[in-house]
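Assemble the complex: chain Z is given as a structure, and chain X must be docked to it using the hints.
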Amino acid sequence: GQSLEQPSEVTAVEGAIVQINCTYQTSGFYGLSWYQQHDGGAPTFLSYNALDGLEETGRFSSFLSRSDSYGYLLLQELQMKDSASYFCAVRVADTGGFKTIFGAGTRLFVKA
Amino acid sequence: DGGITQSPKYLFRKEGQNVTLSCEQNLNHDAMYWYRQDPGQGLRLIYYSQIVNDFQKGDIAEGYSVSREKKESFPLTVTSAQKNPTAFYLCASTGTSGRNEQFFGPGTRLTVL
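As you go down the protein sequences, you meet chains Z and X in turn.
Converting from the first sequence to the numbering used here requires adding 2 to each position, the first position being numbered 1.
Converting from the second sequence to the numbering used here requires adding 432 to each position, the first position being numbered 1.
Derived from the structure by calculation, the hints contain no laboratory data.
Just so you know, even glycine gets a beta-carbon here, dropped at the ideal spot from N, CA and C.
Think about it this way: if two alpha-carbon atoms lie no more than 16 Å apart in a straight line, the pair counts; the simulated EDC-like pairs of lysine to aspartate or glutamate are: (1) X/Lys489 - Z/Asp96; (2) X/Lys503 - X/Asp462; (3) X/Lys441 - Z/Asp41; (4) Z/Lys113 - Z/Asp84.
Which chain X residues face chain Z? A few, computed with CB under 8 Å, are given here: (5) Gln473; (6) Gly474; (7) Leu477; (8) Tyr480; (9) Gly490; (10) Asn532; (11) Gln534; (12) Gly537.
Next comes chain Z alone, as it looks inside the complex:
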C-alpha cells in the first residue's frame, strides 16, 4: 500500500526555525509536495520536489531524498501566522494517470 508518515504536532517559538519531516512508502513515485492549511480553510500549495535536493522559496525550503524516501519542509524566521497544519503529499502514477496522496498532517504551533 501507499503510506506517508509525518509528526502529528510541532511547537516552536516565533523567530525560530522548524523542520517537519515526511517519510513515504509508495510505488510509482514522481514527486513530493507540501501544503499549508489554516483552520477552516483550504490547503494552499507551498512547494514541489521531483528531484533530490533543496528548493528554497522565501522563508520556506523543501528537501527530497528519493533514495531514502524522505523529505522535509523547513520554515525559517517563524511568524505567528505560520501556525497551521502542514501536509506532505506524494504524486504517484495510477491507472488513470497521476494522483496525489496526502499525509495526515503536522500541526505547527508558533509561540510568542
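Using the frame of chain Z, we list chain X on its own:
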C-alpha cells in the same frame, strides 16, 4: 479572477438523501480532484478526472459518484450508500506547470443529520 468555486459552503441533509456538491473552475485545467477531510485528518482522495468524460476512483470512492461532462465542472454526488458522509469536502484542479500544484476550492462542509 481565475479560481475554483464550490457551493454551498455549508450543507445539511437528512440521512438517506443523496446530495450533489458543486465544483467549477475557470483555470482551464484538465485534471480535477475530490477529497474528503475529517477533523484532524489528512485529505483522502475520492475521485479524480484527467480529462473530460473520464474519471477514476480514488481511495475511498464507495458511496460517491461523479461526472465530468465539461472541462470546467466536476460535481460530486454523495449517495445514501455512503455510511458516514459528514465531512469537509474539497475540490481541486491541476494544470500542466510541472509543479503538480493543486489549486483548491474553499470547500463544502456537509452535515448529515
